[in-house]
Amino acid sequence: MVNWKDKMELKIPEGISLDIDGTVINVKGKLGEASRNFRDKYVKVYKKENSIIIAVSKENKFTNGIIGTWYSELKLVFHGVTNGFKYEMKIDFTHFPMRVSVRGNELHVENFLGGKAPRIAKIKNCKVSVKGDRVIIEGIDKRDMGDTAANIERATYIKHFDARVFQDGIYLLKGVNPDEL
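Going by the working numbering, the residue at position 68 of the sequence shown is 68; the numbering climbs one at a time, nothing skipped.
Hints listed in this document are in silico derivations from the structure and should not be mistaken for laboratory results. Small disclaimer: the values here were computed from a predicted structure and weren't measured. Quick reminder that beta carbons are idealized off the backbone N, C-alpha and C, glycines included. Some hints here could point you the wrong way.
[Unchecked claim] Pair ranges (Cβ atoms, derived):
| hint | residue 1 | residue 2 | range |
| --- | --- | --- | --- |
| 1 | D21 | K116 | 48 to 58 Å |
| 2 | K30 | K5 | 18 to 28 Å |
| 3 | F96 | K30 | 40 to 50 Å |
| 4 | L113 | R39 | 38 to 48 Å |
| 5 | Q167 | I20 | 32 to 42 Å |
| 6 | D19 | K127 | 20 to 30 Å |
| 7 | K90 | I12 | 51 to 61 Å |
| 8 | D40 | E106 | 28 to 38 Å |
Based on the sequences and whatever the hints tell you, model everything.
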């Protein structure tokens, strides 16, 4: 028989409903719904009254690392469904003016370095808007927002040119500050 030992406890904030279905945790808040899959052989998550308990059956440095990661993931999910996250990116060009627009779930960058074909970045489960020389990314899932910001930066990456001279592109200006969570 496996003996589980409670290791870490996280209080569920007000206004959040939580449902655990096996290893998947579904969290609903005022801004939306998010889910995470927490599956491991030696670590499990369960709900006890108004808190989430992370328990361990075999304690070592690997399971302690998993516990800390899951604790941080749950805090980010709680923050996302209640307050949301916001990234700000800057459109930077010197000679050829870029035209940036959002079409469906894609961000189109036209006239990048005078090129004819538009560069396209995929948007993943978040809201993207263009205001002047800024691209604003808002959403409840920090992972999807980070993927979207990376897709936008990679779409405007310049190969075989000196990055110190050719500084055109779209770059992350402000992200999520961990101290604000």
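Taking the hints in turn, this is what the structure says about them:
1. D21 x K116: 48 to 58 Å: Given range 48 to 58 Å: holds, Cβ gap about 50 Å.
2. K30 x K5: 18 to 28 Å: Check failed, 35 Å falls outside 18 to 28 Å.
3. F96 x K30: 40 to 50 Å: holds (43 Å)
4. L113 x R39: 38 to 48 Å: holds (45 Å)
5. Q167 x I20: 32 to 42 Å: Hint violated: Cβ distance 48 Å, outside 32 to 42 Å.
6. D19 x K127: 20 to 30 Å: holds (25 Å)
7. K90 x I12: 51 to 61 Å: Violated - the Cβ-Cβ distance for K90 and I12, about 37 Å, lies outside 51 to 61 Å.
8. D40 x E106: 28 to 38 Å: Cβ of D40 to Cβ of E106: about 36 Å, so the range 28 to 38 Å holds.
Violated hints, in rising order: 2, 5 and 7; the structure is consistent with all others.
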